[in-house]
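**Student:** Chain residues, written in single-letter form:
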Amino acid sequence: MSDERIIFRGVSKFYGEVLGVNRVNLEFKPGLTGLVGPNGSGKSTLMHLMTGLLSPTKGEISVLGIPPNRPERLFRAVGYCTQYDSFPAGATGATFLRQTLLLHGMDRGQADARAWEVLEQVGLTDAARRKIAGYSKGMRQRIKLAQALCHRPSVMVLDEPLNGLDPMGRAEMIQLFREMADEGRYVIVSSHILHEVDLISDAVVMIHGGTVVAEGGIREVRAEIKSQPIQVLIRCDRPHAVAGRLFDFKHVVDVRILGDGEGLMVRTEDARSFFADLTGVIVESGVAVETVMPADETVHAVYDYLIGQPGGTT
Amino acid sequence: MNTAERSTAPVIELDGLSVRLGGRPILVELDARLTGRAVGLLGPNGAGKTTLLRTLLDFFEPSAGQARVLGRTISGNGKEVRSEIGYMPENDSFIANLTAIRFVRYMAELSGLPAESALERSHEALFYVGLGEARYRKVGTFSTGMKQMVKLAQALVHGPRLLMLDEPTNGLDPPARKRMLDLVREIRDRGETHIVLSSHLLGDVEAVCDEVVILKNGRLAACCDLEQERRANRSFVEIELEGPSPDFTAALAAAGCEMGIQDDRRFKMVMPSEMTVRSIYEAAHHHGGVIRRLDCKRDSLQDIFLRAMEDDDGGV
Amino acid sequence: MAVYERAWRRYTGELTPIRTRFLVITRYGLGEAFQSRIFTAFYAACFLPSVAGLFLVYLSHNLGLLEQIGLTEELMGGLTMSFFQYLFMWQALPAFFVMVILAPGLVAPDLANNALPLYFSRPINRVDYVLGKMAVLFLLVSPPTWMMGLAIFALQAYEEGGGWGTEHWRIAAAYLVGHLVWILVISLLALAISAWVRFKPAAVGTLFALIFVLSGFAEAFNGITGTPFGDLFHLTRAIASVVLHLFGAPTRSDLPVLANWFTLGSVALISIWLLNRKLRPHEVVR
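Note that the protein sequences, when read in sequence, are chains U, Z and E. Going by my numbering, the final residue of the first sequence carries number 1100, and the count climbs one at a time with no gaps. Going by my numbering, the final residue of the second sequence carries number 323, and the count climbs one at a time with no gaps. Going by my numbering, the final residue of the third sequence carries number 292, and the count climbs one at a time with no gaps.
None of these hints come from the bench; they were simulated from the model. Certain hints may be false.
[To be verified] 27 angstroms max Cα-Cα, derived BS3-like pairs, lysine-lysine:
id, chain 1, residue 1, chain 2, residue 2
1, E, 284, Z, 154
2, Z, 145, E, 284
3, Z, 185, U, 923
4, Z, 185, Z, 145
5, U, 1012, Z, 185
6, E, 284, Z, 86
7, U, 917, E, 284
8, U, 923, Z, 154
9, U, 923, Z, 223
10, E, 206, E, 284
11, E, 206, Z, 145
12, Z, 154, Z, 185
13, Z, 223, U, 917
14, U, 923, E, 284
15, U, 844, U, 815
16, Z, 154, E, 206
[Stated by the list, open to error] Here are the computed distance ranges between Cβ atoms for each label pair:
id, chain 1, residue 1, chain 2, residue 2, range
17, U, 899, Z, 143, 57 to 63 angstroms
18, U, 1051, Z, 235, 24 to 30 angstroms
19, Z, 249, U, 1051, 17 to 23 angstroms
20, U, 1039, Z, 16, 45 to 51 angstroms
21, E, 225, Z, 143, 51 to 57 angstroms
22, E, 279, Z, 197, 44 to 50 angstroms
23, E, 186, U, 871, 34 to 40 angstroms
24, Z, 143, U, 1013, 36 to 42 angstroms
25, Z, 79, E, 279, 28 to 34 angstroms
26, Z, 145, E, 279, 29 to 35 angstroms
27, U, 885, Z, 16, 55 to 61 angstroms
28, Z, 36, U, 791, 52 to 58 angstroms
A quick note: this is a predicted structure, and the numbers were derived from the prediction, not measured. Just so it is clear, CB atoms sit at the ideal spot from N, CA and C, and this is done for glycine as well.
With the hints as constraints, model all of the structure from the sequences given.
**Tutor:** The structure is reproduced here in structure tokens:
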């Protein structure tokens, strides 16, 4: 087993009969990894297994060479931000962080300094002296993130970390995660907001029904789904003119005029040839083009293809 | 797509509305006339969004000014105003030991529907939000997504003229989020009901709303018509090429485009006013550039929002 | 042949009148109450004292029957005031238990999962809410108490004949007013405590505990100070005294009956104050 990575080997977790995760084989690389999947798919189970809060029914897990069942070693290297809110009663933001740092072995002076450093990073310096019980949802989220990263861990496991944050807060935290990922740390973020995952992730792990259905960079994953020709969205003023000309090309399998009549969606089996041919079409037809965009290289599209749309909530 | 005409009768009117809570000013002199089919309510944490929604529901008395909903002043007409509103609060809100159908019926009857109509419409509402056989189970046993759907159903069941949704996609996984947003768009497009959507997710608001109100520190930071914004400012372009094409890039620069190069394949630029996208393609055709992605970027909601946040003070 | 679109539509039909809307709360509250079979059985049992009372009244006027049973001597004296007083107490006691057990189940589920905003975002205000819930308690507890009481009184008056009814009008008045007063005070108290404690079993416990604690404290106060002023806190004694006074009998307390009324009034007002504070559609921002 390599010392440097986060590795799951043949990991299964069952709660009695109930499935948590089933035969998971994963290797996380440094950088930002997005973890996506429907509710109940095993995302949280995976995170709990990684942080040692659950032990696998079968298989082995190794986090930077440390087995998760050694928390005294594991949590030096790992920071965990849970989905749920739970704080020591009566603690203020500052005392909570300070105590966490003391637990990590810092002396009082260092802990104090570092606590305030982190509070500034998450934007809680004003509220730090108030009790956490009085914090708004967004503030509670920030203090949770603060305690996850205050000891400068190499691995950060974040379960829905942007929940409850306003747009600026989201942008700030995303920036922070990106910075940490660029420093070579492992930042694992689970989220339902797929376009954000798209924006920030270096790689994606998609999980469904307790199994990993895809992992890797999103473009590579998309390219591997051969059963689906790639989709390209074109917004222009005379979609029918463009559509007609596109059918001249053999690699185009499907053209659909958009519902609002202001564009078209094309499916083609050969992306490269398509874009080259498109140039000619646009010049010849003289249409005014607003947008040309591969439409399904996003996490969202891949999610739809691989996980599909479970019909409703029965 | 079935789009209804934009009516000009204001849905919500705020006249110097101020609200104080716990001795602190939460909303300060809000003045606005909102006419959109779907109005987005945005703002940082603590800006007063939820307080505004609650004031419109007559949960709070204004300390100054007044507000009108669908033409009616709220003060003194609380019950009449609320008859026309359906509210979906942000936090968990349900009665655990009632079945979904009984719960929605109860809410429907409280809104004034006679018992039989209440039962009929409750089933319709639950079908509409996608709750099948689960409706005969107690709400306390539901997952987050299902509870959100029940919350939406109880807001819809009495067919209100104004639907107020506070973070409706909270806790929903991607397919459920899509379903929720699709539903909201359907309701909007039907034209019979106005929507106010308060959310932190700019994407949600962008997908649904045609008018946006941005609050900051209890004041109105911006109020804009997204439809208009979308039609403005077309000369900013983002381009991504299949492969590096220095001739093409040079040609664009020579034609007068201001280039901001990210790497050998991606760049943003501002076209000179006489230039059109077609000229870009002509240049590509001529110089062998293959354009993989091209986007005339108008002000997205993100830009509008960040600008609104910056305006009052020096930095964001 | 037609294809019907199944889309959501606005409602354009009739609406029920706003003034009586609170009765929806009552109807659903009653529905929930009878979900439990144990409760239904217990509720039926509340009628037993009244049924026994009816039977005794009937018996006392049918000497033939009495002779058969052999109880002639005991019941010959006719029914005295104490009969009615005992009956009142026997009716009130199980009814009191019904209220204390039922009230938390009316309010706690609404508060436990923050359902109040959904109520108050409709044409319902706090007054409607409290009235609706109180109506459940009133409607349930009235039949086994004052309704049966008045029926028994009517039977007695009929059997006795000769203006017995008009002569003893006080008994009827005592039943009506007495029951209504304690029902009102206890229902307000029970709802207030339920709104405050929010958790069903805890609310029931708190209510019983409160009654006991108040009584205990009152007795202790009386004992220590040697005055009867502790009775100001003795809720059950205040109720008993007020009722006895209505019957024209000597009260249980050494305080003037006005003081007992004062106790009841204070409890009612404090309950209303507590309800006002706790039934909000929102949390107050700190």
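**Student:** Does each hint hold? Answer for all of them.
**Tutor:** Now for the hints, and whether the structure bears them out:
1. Between residue 284/E and residue 154/Z the alpha-carbon distance is near 25 angstroms, which keeps this suggested pair within the 27 angstroms criterion.
2. Distance check on the hinted pair: residue 145/Z and residue 284/E sit about 26 angstroms apart at the alpha-carbon level, within 27 angstroms; holds.
3. This hinted pair checks out: residue 185/Z and residue 923/U have alpha carbons roughly 24 angstroms apart, not beyond 27 angstroms.
4. Taking the CA atoms of residue 185/Z and residue 145/Z, the gap is about 25 angstroms. The hint holds against a cut of 27 angstroms.
5. This hinted pair checks out: residue 1012/U and residue 185/Z have alpha carbons roughly 25 angstroms apart, not beyond 27 angstroms.
6. With a C-alpha separation of about 21 angstroms, the suggested pairing of residue 284/E with residue 86/Z holds against the 27 angstroms cut-off.
7. For the hint linking residue 917/U to residue 284/E, the alpha-carbon distance of about 23 angstroms falls within 27 angstroms, and the restraint holds.
8. Taken as a hint, the residue 923/U and residue 154/Z pair is honoured in the structure, with Cα atoms around 19 angstroms apart against an allowance of 27 angstroms.
9. Distance hint between residue 923/U and residue 223/Z is fulfilled; the C-alpha atoms sit about 17 angstroms from each other, no more than 27 angstroms.
10. A threshold of 27 angstroms between alpha carbons decides the hint, and for residue 206/E with residue 284/E the separation of about 16 angstroms falls inside it, so the pair holds.
11. Taking the CA atoms of residue 206/E and residue 145/Z, the gap is near 18 angstroms; set against the 27 angstroms cutoff, the hint holds.
12. Restraint check: the Cα-Cα separation between residue 154/Z and residue 185/Z comes to about 16 angstroms, which is no more than 27 angstroms; the hinted pair holds.
13. Annotation: proposed proximity of residue 223/Z to residue 917/U holds, straight-line Cα distance about 24 angstroms (limit 27 angstroms).
14. Simply put, residue 923/U and residue 284/E have alpha-carbon atoms about 22 angstroms apart, close enough for the 27 angstroms limit, and the pair holds.
15. At most 27 angstroms may separate the alpha-carbon atoms for a hinted pair to count; residue 844/U and residue 815/U meet this at roughly 23 angstroms.
16. Distance restraint check for residue 154/Z and residue 206/E: the Cα-Cα separation of roughly 22 angstroms lies within the 27 angstroms cut-off, and the hinted pair is therefore satisfied.
17. The supplied range of 57 to 63 angstroms is met by residue 899/U and residue 143/Z, whose beta-carbon atoms lie about 58 angstroms from each other.
18. For the pair residue 1051/U and residue 235/Z, the supplied restraint of 24 to 30 angstroms holds, since their beta-carbon distance comes to about 26 angstroms.
19. The supplied range of 17 to 23 angstroms is met by residue 249/Z and residue 1051/U, whose beta-carbon atoms lie about 20 angstroms from each other.
20. A C-beta distance of roughly 48 angstroms is found between residue 1039/U and residue 16/Z, which places it inside the suggested range of 45 to 51 angstroms.
21. The given range of 51 to 57 angstroms is respected by residue 225/E and residue 143/Z, whose C-beta atoms sit roughly 52 angstroms from each other.
22. For the hinted restraint 44 to 50 angstroms between residue 279/E and residue 197/Z, the CB-CB distance of approximately 46 angstroms keeps it satisfied.
23. Residue 186/E and residue 871/U have their C-beta atoms about 47 angstroms apart, which leaves the hinted 34 to 40 angstroms range violated.
24. The given range of 36 to 42 angstroms is respected by residue 143/Z and residue 1013/U, whose C-beta atoms sit roughly 38 angstroms from each other.
25. At about 32 angstroms, the beta-carbon gap between residue 79/Z and residue 279/E stays in the expected band of 28 to 34 angstroms.
26. At roughly 34 angstroms, the beta carbons of residue 145/Z and residue 279/E sit within the given window of 29 to 35 angstroms.
27. For residue 885/U and residue 16/Z, the Cβ-Cβ distance of about 57 angstroms falls inside the hinted range of 55 to 61 angstroms, so the restraint holds.
28. Separated by about 57 angstroms at the C-beta atoms, residue 36/Z and residue 791/U satisfy the suggested range of 52 to 58 angstroms.
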